[in-house]
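A.B. asks: So the protein lines, in turn, are chains D and A.
Counting from 1, position 281 in the first sequence corresponds to residue 281 in this note's numbering; the numbering is continuous, with no gaps.
Counting from 1, position 162 in the second sequence corresponds to residue 162 in this note's numbering; the numbering is continuous, with no gaps.
Errors might be hidden in some of the hints.
Under 10 Å between C-beta atoms, here's a sample of chain D residues computed to sit facing chain A [unchecked claim]: (1) LEU10; (2) GLN12; (3) LEU23; (4) PHE25; (5) ILE92; (6) LEU153; (7) ASN240; (8) MET242; (9) GLY259; (10) SER279; (11) ARG283; (12) TYR285.
What the hints contain is simulated information worked out from the structure, not anything from laboratory work.
Ideal Cβ positions, reconstructed from N, Cα and C, are used throughout, including at glycine.
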Amino acid sequence: MPSRYLLRRLAQVLPTVVGLLVLNFCIIHLAPGDPSIALGGEHGDAAYYTFLRARFGLDRPLPEQLLTYITNVLRGDLGTSFVHGRSVAAVIAERLPATLLLVSAALALSSVAGVGLGALAARHGRRPADVTINAVALLGYAIPSFWLGQMVLLALAVGTGLFPVQGMTDARDPKTGFGYMLDVLHHLALPALVLAANELALTTRLVRTGLLEALGTDYVRAARAKGLPEGLIIRHALRNVMLPVITIIGSRAGMFLSGAVLVEVVFAWPGLGRLLLSSLLARDYPILLGMFLLISLTVILANLITDLAYAWLDPRIRYQ
Amino acid sequence: MPGSIPAFDINSRSPAILGSRVSASRVGLFRILRSGAGRVGIVLTCGLVAVALLASRIAPADPFASVGPPLSSPTLAHPMGTDDLGRDLLSGVAHGTRTSLLLALIVSVLTGFIGVIVGALAAWEGGRVDDALIRVTEFVQVVPRFFLAVIVIALLGPGLDRLVLLLALTSWPWIARVVRAEVLSLKQQEFVEAARSLGAGRSRVLLREVLPNALPPVVVVVSLNAASVILIEAGLSFLGLGDPDVVSLGYLANNAQRFLRVAWWMVAFPGATIALAVLGLNLLGDGLNDVLNPRGAS
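With the hints as constraints, model all of the structure from the sequences given.
C.D. replies: Structure representation (structure tokens):
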């Protein structure tokens with residue numbers, strides 16, 4: 001990948017990030033009444049509001065406030081949660097690992113299984129295996145993640161007791177070392193599977209459609225004429241199919257994270273989703289604003305990584 | 001690029017429908033019934049629209065009125081059971097379908113409007129206008145709509161009006177991009193040149209010649225977007241951010257979470273309805289895509 005492409009793409013990110021900071025700033029001012037209420041909650045006393053106004057420069061003209069806000073964010077200062085009494089960044093950082101574990105497990109599951117199932121379906125073009133995989137994928141794409149979570153909970157956790165109903169570890173039987181890992185994996189299985197379902201369905205459909213198209217091209221015909229085994233041909237075709245698949249998976253980071261939040265709420269997974277719900281109930285605005293910023297930046301980062309991966313995989317992608 | 005073939009060119013496909021746009025759309029509507037996906041999509045969508053339109057007739061009771069014993073499993077009197085306050089769930093699902101579909105419809109109309117204007121303007125004007133509009137489109141596209149909705153509703157309080165506005169203002173980039181690509185390629189077509197050489201003004205060429213031909217793919221994107229709007233409303237209501245004065249499918253799902261272990265029917269029926277609505281709209285989009293873009297169909 002030439003460094004010129006990298007630099008131009010990085011330069012594009014900057015205005016987007018600034019735009020997001022401005023948007024976040026506008027949201028703070030959108031709150032009914034004074035933004036100090038959005039930052040300090042509805043139950044603070046007058047002295048606390050005065051303190052907040054001075055700290056965030058809310059008594060200054062708007063452009064200056066914006067500058068102060070951006071400087072604060074760049075320093076990692078997202079304000080203080082009035083429920084937790086600690087900095088927003090610290091509270092969010094504490095919940096991040098659980099969400100990262102869930103999201104990466106689900107993404108790995110959906111990508112690997114999606115490519116496999118898509119290839120399987122394409123190989124069996126129009127036969128029962130293909131039709132079944134395609135129908136299930138269509139259904140999986142339409143089912144809301146939180147509902148799938150509720151139904152799976154009813155069937156596999158409440159019904160049979162095969163899986164724990166909620167949480168990340170067994171509170172009644174705390175374990176250490178290897179036992180702890182197994183316990184977390186046991187708790188992770190259902191939420192990761194449910195979160196993966198939508199993406200899995202989408203990946204399967206994309207890989208299947210792409211492969212069916214690729215299998216009709218000249219280079220595949222040439223490979224067949226040469227006598228290459230079918231498995232190897234699929235592998236060749238798959239390389240070309242993966243490019244658009246990666247783009248679409250990458251562009252859905254926001255959707256994926258919103259799914260993660262809902263699944264976390266259903267399974268009481270102690271990550272950002274639970275934090276979002278409790279902050280909503282407590283009207284802990286600084287946390288909500290901090291989470292919105294974090295998630296927006298994650299989406300930008302995901303888009304950036306997708307584009308760079310694309311350029312790395314396909315040498316034809318260049319700026320003129 | 002003169003001579004390029006636009007992705008969705010209804011005119012070049014069949015000489016029989018060249019003359020009139022009306023007949024083209026009529027043929028298209030019948031053709032969607034030929035694909036399995038399109039058939040199921042049409043049936044599901046029409047079925048749910050019928051439920052939404054006839055909600056007051058189908059529903060035996062006011063969805064907010066307590067009409068039976070609390071947490072009763074499905075019986076003849078209450079085919080989908082009742083909730084914790086003895087409210088009839090069938091009434092809730094029927095009225096909830098109405099709310100969800102109405103929301104999807106209004107958002108779709110608004111997004112379609114904004115998307116077509118932005119996309120057409122960008123492609124038609126080109127140059128700096130195009131650059132600026134593309135930048136705005138790209139920016140709106142990276143803003144996570146679900147979380148923006150969460151935070152705005154948390155600050156302003158729940159209400160369908162702000163949800164409609166928010167989703168409309170954040171869902172149009174997809175449509176704008178499709179319209180822009182279409183108009184860019186249609187701009188170079190011979191029939192546009194012909195209209196221009198006959199003395200038609202710029203705006204007349206855009207409105208009468210280019211836009212009508214750019215709209216078919218928009219219909220596909222709008223139907224897919226309507227599905228995602230239903231999912232977003234359901235997700236927001238599930239977090240307790242729905243309008244408490246209006247029954248929606250997400251509101252019912254949120255209520256059900258607390259009774260997961262005791263009342264499976266409260267979970268099963270509203271969620272299944274959401275899934276059917278989303279499935280129907282997705283299949284409808286697939287079917288429309290097959291009809292309007294036969295080269296892309298597998």
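A.B. asks: Hint by hint, work out which the structure violates, then give me just those numbers in ascending order.
C.D. replies: Of the numbered hints given earlier, those the structure breaks are 1, 4, 5, 7 and 8, listed in rising order.
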